Amino acid sequence: MQLCQSKMPARDGVLEMGRARSLTIPPVDNIRNTDINPYLVRPTSFEIRPSTNLNVTRPPTLNPITPLQKRVRNQFEATHTSDPIVNHVNKSSFMPEQSFDRIENKDASISKIHQLPNQHPGLISSNQQNHGQAPQLQFFPSQDPTPSQFSPGSSLQLHDASISTAMSNPLHGIQFPSPVQSFANNPFIRYTSLISSLMSQGVISLANQLPAQDSIGTEFNPDILKVRHESPANALYRDLPRQCKTCGLRFRCQEKHSSHMDWHVTKNRMSKSCKQKPSRKWFASLKLWLSGAEALGTESVPHFLATESIDYEERKDHEEFAVPTEEDQSTCALCGESFDEFYSDEMEEWMYRGAAYLNAPARKTSAGMDRSQLGPIIHAKCRSDSNLQCANEEDTRRKRMRS
Amino acid sequence: MAYGGAGPVGGSGSASTIKQVKLERESELRIEVGNDAPLRLRLLNGTAEIFGTELPPEIWLNFPPRLKFAVFTWYGATIEMDGATETDYTADETPMVSYVNVHAVLDGRRSRAKASSPDDSGSSQGPRVIVVGPTDSGKSTLSRMLLSWAAKQGWKPTFVDLDIGQGSITIPGCIAATPIEMPIDPVEGIPLEMPLVYYYGHATPSNNVELYKVLVKELAGMIERQFTGNAESRASGMVINTMGWIEGVGYDLLLHAIRTFKANVVLVLGQEKLCSMLKDVLKSEPKVDVVKLQRSGGVVSRNAKVRQKARSYRIREYFYGLSNDLSPHSNIANFSDLFVYRVGGGPQAPRSALPIGAEPAADPTRVVPVNINRDLLHLVLAVSFAKEPDEIISSNVAGFIYVTDVDIQRKKITYLAPSAGELPSKYLIMGSLTWLET
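If you read the protein sequences in the order shown, they are chains L and B. If you count the first sequence from 1, position 353 lands on 353 in full-length UniProt numbering, and the numbers rise without skipping. If you count the second sequence from 1, position 395 lands on 395 in full-length UniProt numbering, and the numbers rise without skipping.
One thing to keep in mind: the hints can contain errors.
[Claimed, not checked] If you want the ones that stay clear, here's a sample from chain L, every Cβ over 10 Å from chain B, calculated:
#, residue
1, GLN254
2, GLU255
3, VAL265
4, CYS335
5, GLY336
6, TYR357
7, CYS382
[Said to hold, decoys possible] Pair by pair, the computed Cβ-Cβ distance ranges are:
#, chain 1, residue 1, chain 2, residue 2, range
8, L, LYS267, B, VAL249, 27 to 33 Å
9, B, ARG366, L, GLY336, 49 to 55 Å
10, L, HIS229, B, SER121, 36 to 42 Å
Bear in mind the hints are in silico, worked out from the structure with no lab data behind them. All values derive from a computational prediction rather than experimental measurement. Ideal Cβ positions, reconstructed from N, Cα and C, are used throughout, including at glycine.
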């Protein structure tokens with residue numbers, strides 16, 4: 001009950017301070033606008049305090065920090081624009097005793113932020129605290145603070161201000177147990193912040209913490225080159241403990257070793273699936289070499305081979321069209337170009353490569369049909385696109401029937 | 001990979017030809033496989049490597065006839081061999097310590113390049129190594145070691161082969177480049193999966209020095225473009241293998257290559273005079289290290305006849321594979337479907353013997369059309385990626401064909417191609433490389 005009653009005079013004091021300011025402030029619009037902000041914040045802070053006293057639980061104790069931080073920032077901003085107001089308030093002498101104590105607290109906070117000379121010689125403890133914190137304040141500007149770094153600093157000042165308030169007002173100390181708990185976390189926060197700041201600036205790097213390998217340097221010194229050092233051979237053997245038992249390749253970590261074993265499996269599978277002898281492929285074009293050399297890796301080898309294999313099959317399918325050579329016709333009836341002749345071991349006669357009869361069904365052989373019904377000889381590729389699609393469809397059907 | 005299964009069971013009744021060799025630390029077993037039969041070899045215990053590629057434990061490897069190689073061990077090993085060898089012996093004095101120290105320095109430079117900002121093209125460039133020296137000094141072998149060690153540690157260096165007489169990447173007569181992403185197989189050699197190949201057409205640069213220079217410049221330009229777009233490749237750097245011609249015009253071509261590829265590490269093998277000359281001429285170049293290295297005693301000398309045969313085997317390998325595991329295709333084309341060109345060279349006809357207005361073929365880089373006739377028989381022609389004839393000299397090639405027959409009456413040419421189907425291009429480049437399929 002006493003605590004609740006003590007709240008009432010404080011509110012009255014706030015109202016009285018407001019009146020006092022209005023009496024002393026000149027009628028300037030800018031000053032009035034800035035003056036309104038403090039009033040909007042204070043009622044909120046007062047409303048939270050009763051709940052803090054009534055409910056002694058952890059979640060409520062965290063709430064007061066936010067409005068207090070806002071107050072500190074507002075004071076910081078207000079001070080820049082309304083220093084004359086503070087001076088006027090200090091000069092007034094008709095304040096109640098409790099209101100005067102609150103004014104002293106505010107002065108202490110302001111002096112800590114700006115390191116202003118203390119106008120109240122009687123507050124010896126405030127002087128000591130202010131002096132002790134000066135080096136810390138100087139620490140942050142030297143780091144060229146960013147918004148993310150300012151927040152920890154503000155928090156630090158806030159906690160110190162709270163402690164100062166507790167010392168000045170023993171009765172109010174009971175109302176601020178949480179700042180003490182928050183203070184314990186400050187060293188960790190500052191340490192993390194410092195490390196992050198230094199890393200972002202490139203001053204230090206976690207990589208630098210790795211132990212430097214024993215190296216014989218990057219210069220060709222004849223005396224060094226002649227002598228045996230353990231590090232070069234160790235780097236090729238003992239520093240790579242995992243070895244592939246199939247091909248002898250060594251690895252440092254399990255991941256690369258596993259992917260290499262997968263590469264062996266894929267390679268073996270490809271060589272087994274290819275029943276007939278493979279052929280040497282044509283070299284890559286310059287364009288492919290400039291781009292493919294980058295993509296070509298240990299894991300990419302099967303992919304590259306698979307891609308080439310697909311292209312090879314497509315070309316081979318087209319080349320399977322062939323008809324026996326004829327003296328009466330050596331050029332395509334559609335495009336007029338000459339046919340390529342080759343000797344087919346299977347048919348045991350000379351053939352036109354990639355050729356078909358115009359009237360023949362879209363299949364590779366024309367067995368069973370009379371020559372007079374087939375029409376002239378053409379390139380299979382010279383058929384229309386729709387015919388090509390029919391040919392592909394028939395090939396697909398035949399393959400399905402086989403499988 | 002030419003890996004065999006488990007070895008035969010040691011039956012008590014059969015005469016076993018298996019031989020075991022125990023190698024002390026830092027020693028190597030030097031082997032020349034016989035001419036007629038392959039050799040099987042495996043690592044029994046310890047660790048060992050062949051030219052920078054480590055042997056898998058207890059896996060039999062099959063080495064084809066005539067192959068020459070060395071098995072080296074850093075910590076000691078026991079090797080088992082099955083089959084006859086032309087010769088095999090153990091050596092305990094090798095330059096391997098200095099070779100691997102060179103690798104360690106290069107590895108340090110690669111790490112430094114990788115750690116630097118990708119925006120700084122200078123510092124993010126890995127070492128650009130060129131290996132020089134006289135013939136049979138072990139240039140190809142040292143190149144393979146440096147490439148395999150780098151790949152073993154996760155780098156992806158670019159191998160550049162300027163030796164047109166040997167053909168480390170593909171057939172002789174070519175200069176080529178390829179990324180090396182895994183240690184080089186001790187049997188198969190450089191993998192032929194993603195090469196960039198320019199066709200010079202001859203086994204010695206004296207046929208057309210200017211053409212050789214143009215192709216070297218073209219190849220270097222393309223590698224520079226690749227480095228620009230690939231930070232990992234750029235940090236890994238390059239290893240350049242060169243010809244053994246180090247005097248006169250050969251020396252000039254060596255300097256041309258060093259400057260064109262902007263090499264900053266010059267490894268000189270077994271030649272005091274060459275090392276001294278290069279140090280003197282390159283001392284004005286900023287940040288170029290000239291390092292003298294000892295030649296390995298295991299390098300085998302090869303005479304002209306051996307080289308010629310090696311070239312034939314290499315061409316055959318292109319079409320059929322090292323162990324006859326590839327299937328080439330025979331094709332027939334009309335004369336009118338193909339266009340064969342020659343680049344410069346050849347004897348110059350006096351202007352009085354030419355038709356009025358005709359120019360003699362004096363320009364060594366001029367592209368000259370060639371009539372298809374019996375002269376093309378048994379020639380190896382390159383299939384150019386050029387879209388127009390004048391692009392032939394600046395275009396890479398898609399592969400090669402081998403002319404097996406020329407029918408003048410029917411105007412048809414029969415050729416062997418690596419794979420079936422149409423040629424990637426109708427423009428073919430003629431050189432002086434011939435092959436008699438046996």
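Consistency of the hints with the structure:
With a minimum CB-CB distance of about 15 Å to chain B, GLN254/L clears the 10 Å threshold, and the non-interface call stands. Once the 10 Å rule is applied to beta carbons, GLU255/L is consistent with being away from chain B; the minimum gap is 13 Å. No Cβ of chain B approaches the Cβ of VAL265/L within 10 Å, the least distance being about 14 Å, so the stated non-interface status holds. Distance check on CYS335/L: its Cβ is at least 14 Å (rounded) from any Cβ of chain B, clearing the 10 Å threshold; non-interface status holds.
Residue placement check: GLY336/L keeps its beta carbon more than 10 Å from all beta carbons of chain B (closest about 13 Å). For TYR357/L, the requirement that its beta carbon stay farther than 10 Å from each beta carbon of chain B is met, with the minimum near 21 Å. Listed as outside the interface, CYS382/L is consistent with that label: its C-beta sits roughly 15 Å from the nearest C-beta of chain B, beyond the 10 Å cut-off. For the pair LYS267/L and VAL249/B, the supplied restraint of 27 to 33 Å is violated, since their beta-carbon distance comes to about 45 Å.
For the pair ARG366/B and GLY336/L, the supplied restraint of 49 to 55 Å is violated, since their beta-carbon distance comes to about 34 Å. For the pair HIS229/L and SER121/B, the supplied restraint of 36 to 42 Å is violated, since their beta-carbon distance comes to about 32 Å.
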